[in-house]
Amino acid sequence: MVVSITEQKQILQSCLSAIKHQSNLMKQCLNENNILQALKHCSNFLNELRTNQLTPKQYYELYIAVFDSLETLSNHLLNSHNLKQHKLEKRQAALDSTSTSDKNADDKSTTHKNVKNGDEISKNAVGKSATTPFLADLYELVQYSGNIVPRLYMMIVIGTTYMSTKGAPGKEIMKDMIEMCRGVQHPIRGLFLRYYLSQRTKHLLPFSNANDFNDTVEFLISNFIEMNKLWVRLQHQGHSSERELRYRERKELKILVGSNLVRLSQVIDDYNGDETYSSIKYYQDKVFPTITEQIIQCRDHLAQSYLIDVLIQIFPDDFHFATLDSLLSDVFLNLHPLLKKSELVATLIERFITYHKFESDMSTSEIKELSLESDEKQKKIKTTIDSTQLFNSFWKFYLKLYELDPQLPSEEHSELLQSFIRLSLTYDPNNYQNLDVVYKFATEKEGQIKANAENDDIWLQLLIVPIRHFDSIKTLFKLPFFHEFYLKLSNKQHQKQISLEIINKLLGITTYGDEDGNTVQEIHEPETFTTTEEVDGIFKYLLVLIKDSDKQNSTSKNLGVTKSITINKGENVISHEFLSNQEKICKVIHLIENPSDPFKNLSNLMYARKKYLNKNFDNIIYTYPTLISRILYKLKIVGYANLRQQKKKKNTEASQDLMITSNFKNLSIIIDELYQYHAEFNSELILKIYLNAASVADQLKQESICYELYTQCFIVYEENLILGSSSYQQHINPHDSLAGGSLQYQSIIHVANKLVSARYFNKENYENLITKLTLYGSKLLKKQDQCRAVYSCSHLWWWCELLIEHGEKSPTVQPEAAKEKSAKENIQKDEDQSSRDREEADDEEDEIELYRDAKRVLECLQKSLRVADSCMDPYLSLKLFVEILNQCLIFNIYGNALADSRYINGLIDLIRTNIDNLRDDDNNAKTDAADEEDDKEARLFKQSVGYFERTLSYIRDQQEVENRFEGIVV
Amino acid sequence: MLTLAIGDLYIPERALDLPAKFRKLLCPNPQSIPTNSKISEVICLGNITNSVDTLKFLHDLSPSLHLVKGEFDDLPILSQQLSSVSKKDENVGIYGVITHDNLRIGFTNGYQVVPKNDPLALSTLARELDVDVLIWGGTHKVEAYTLDGKFFVNPGSGTGAFSFDWPEWYEEEENAKEEEIKENEDEAKPEKLQKANVIDEHILSEVTELNAIVPSFCLLDTFGSTCTLYIYTHLNGEVKVDKVSYTKE
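One line per chain: the protein sequences are A and L, in this order.
Okay, so the first sequence: first residue is 1 according to full-length UniProt numbering, each after it adds one.
Okay, so the second sequence: first residue is 1 according to full-length UniProt numbering, each after it adds one.
These are computed hints drawn from the structure, not numbers from a lab.
Ideal Cβ positions, reconstructed from N, Cα and C, are used throughout, including at glycine.
Do not take every clue at face value.
[Unchecked claim] What follows is a set of in silico ranges between Cβ atoms, one per label pair, in the way DEER data are often shown: (1) L:S225 x A:L781: 38 to 46 Å; (2) L:N29 x A:D471: 24 to 32 Å; (3) L:G224 x A:L723: 45 to 53 Å.
Let the sequences and hints guide you as you build the complete structure.
Given below as structure tokens:
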């Protein structure tokens, strides 16, 4: 019985050549019109189909060869039949005409009567042979064929040919053929035979009336049932070691069985029936129960999975909607226990989803065409499918399944739930209850249906699907169990993945692969959060990222963590990924926005910090600056609005003022918290944050708060910065005025730049602060830092910009004027004030009042000059001198009477002397040779001289063009 | 030779991202690197704060990125992030100078200049660096002017990040007009609306407008001794371009 592959090939070849040979002979006989001989050859090649040594594929090759030959036979028979029929008709017509002429002749003579009778007899004989044509005879004839397989093939080819002719007893032949087919019980042979039957009858099935239609359906169903039985039986043939082989073979044959259902669906589709007929009802009552019963009864894994799939695919959606409940609970639940129901459910649901999309596309296009009827159309769609009902059906099925099969693997659960989610999202995107039911179930049963923590990832998709699907992430807020289930994910990495997915969606970043396989990022306008609930809703998903601790000791860098960033002066490392996650959290903070109610906005921001952001103090250094900036910005807006309102109403609204003050205090607490935990490495940043807050407080006329904030700055400076070293260790060239200098120097510059724009301090406070700062500057360790800090601070006594709004007055410049109104006794001071006012009025053409104290400026410049002079490095001294000269020029232009031409001339002389001295030294050194070492110094010297010369040429230009710097000798 | 000057992005501290239109304009071809074939150098004035993606975006635009530290950049982190983007060791400085033909171009964030943003102080800085064009930032206000024969360019904030400095006040006439309108409106409004905690909507939108920063950047087209400056601003969803020219004497 066992045949090797090569042998099989040989058998196939010999069979094929035999078929070819015999079919050629058959064709010859047909040409000679020798039908009996032709049928004999036909039987001969059909004999080849009796083999049982070939694989289904090979057998199919034989079948194709035979099929073609049989078609030739069928065509010939049909043609000769038609020819005969034609002749008969012609003869009949001729006879008719003669008989009518006879009738005409009748009156003339009756002598021909006998002849006429004889004619009638012959006519009847001919008529008889026409009503029982030779095809019927042939159909009888071939039944005497010896072997059953050729016999049945010939029966079918002749029978179907006969059926295609007019007046043939089609239904009897059909019944006969399908009965006879039972004779072949060998699975492969039987399957192909019945397939042949179904192919041949394809276009001949009658369904012109209800009776015919019923018979046809019965015919197709019974053929399907028999084929399925054969197909299932094939599995049990042969040795048990060949089970796998059989299984594969059966897979190859599945389409033969499925074709019956396809035909069935077509017939149902084509049949229109009468008024009372409904195809859905017919399917539901007649077709569906029989087919599914067969599918369940066969208890075969392959048959069930394939046939259910075919059933779902080929019948229209309406049919499935109608039979959904029984399909799910009567059919699916009774299928083979090892069958993956999730796949079947997924197929069904995909089908419904496609249908839904199609329908909605149709309805929108229809709406465009017929806007008037659109309402009705939409109603129609809604009535056809009740989406809640749909979901409930699936859900009922799932619960039963869960009950019946507690051992169902978790993958199955996950897949099923995913399908349900997709279904619900498509059909009922606004019904969040369904989704929540799914998540609730998943949450509750998670312990039971989850095998172990590691395959968490199969549940990931369950959460990701709706995130990707929703237009708005706010939809998630309506699903309390989404979060519950999210929390059940035991793997933090997975939680993080979901959270990032949510954030990306929030920020409107959708990443997808385009046609070329590249990832494309699309950015949409992100949504904002206006209420505390919304803040809660979103930040609870961020907690995992907020709490995320990625800080490792720097030793771990050597342990394979390659892509990382060292922080805190090399003590710790963090990963790039961590930083980018923190960036995303910060971006979400931006989405807490409520442009129409800034106070509410502020409280939401504070709330987010209190409840979420402060959950890991290590990380607040990455998120708080953003939070603080946002709070401060909102405060700035509120404050400005408040000032405007006050100005317009002329009455102070104390409550708003109070709210601003309290918000500033809360803000200060937040900065303080940051300082508390990150003073060691991030004091400079915290100083800058305090400065920003101070700057805003000043603009909002919150003087006492502003003063406190500056005091805080000085505390940070004294506590941490004064002794700290820059976190960025690199050599700073002392000659380079821009290189940044020490951390202390930088801090002073930061404060100076904010103080120089402070406008709403009273004079005393302002002078306190700037004096203190200058004092810090003068105590810096390095001479160059000291010198530069002091000359920078000199600007604090000489405002150049008004900054404040027109019509406002800075209290810094008019403390005495204010006092003057309240008490008139200080005449002395009054005079001072007026004289100063006059001075300033002279300086500035328009009556802008700026705080200016020429004497103090000069003191600072003198101080920095002294420091520069005391440098050990003469080149550095020179550089600093030139820098100071340039500062003097600025003051001169801005009208400081004390930085006059005499003073500047002195400075220029000083620099010239220094240059000359250094040049002499240089020349001496050069004669002493060994100028290599001097190279650097020479270069610095050259730079300073260059800068000096550029300064001089600038003075000359200004003298010519702007008429400035009068009296300065260049 | 085209050079992009952009700065004060504050991503994520004060802004979510560059305006989408800017991104598209700057990066017409995101698949190839460099992503913009016309720009030969990018100058970034810092204050990126913490965004590797943005850093990468700027780095990939042209063959060469010059990045200086902004006031709120964490220099060690920024340097390491840049190194990871460019795949080589990078040291981010506080200022830089490049030479294009006859023009020396200096750039710095400018936060270390006292008084910040003062034209004379900046002029002094340009003198010290011996540059013809000085690009500075830190103010979030786009501007360009010629002073003492030198060209000063401030590309503003690429993202329109908000600033805590003083706002730029309206012209007085405009202000007066608006106040008139406001007063008329106020009269029409019933008094009960003026609750203590409610801020007048009109005033709110006005001060928001006052404090709003227009996203902007600059392109410098340098040739010989001439620098043509294209100023791009993003106003009401539209990108506007202005042109200024400077020729070194």
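Now for the hints, and whether the structure bears them out:
no.: 1; hint: L:S225 x A:L781: 38 to 46 Å; in the structure: 44 Å, holds
no.: 2; hint: L:N29 x A:D471: 24 to 32 Å; in the structure: 30 Å, holds
no.: 3; hint: L:G224 x A:L723: 45 to 53 Å; in the structure: 52 Å, holds
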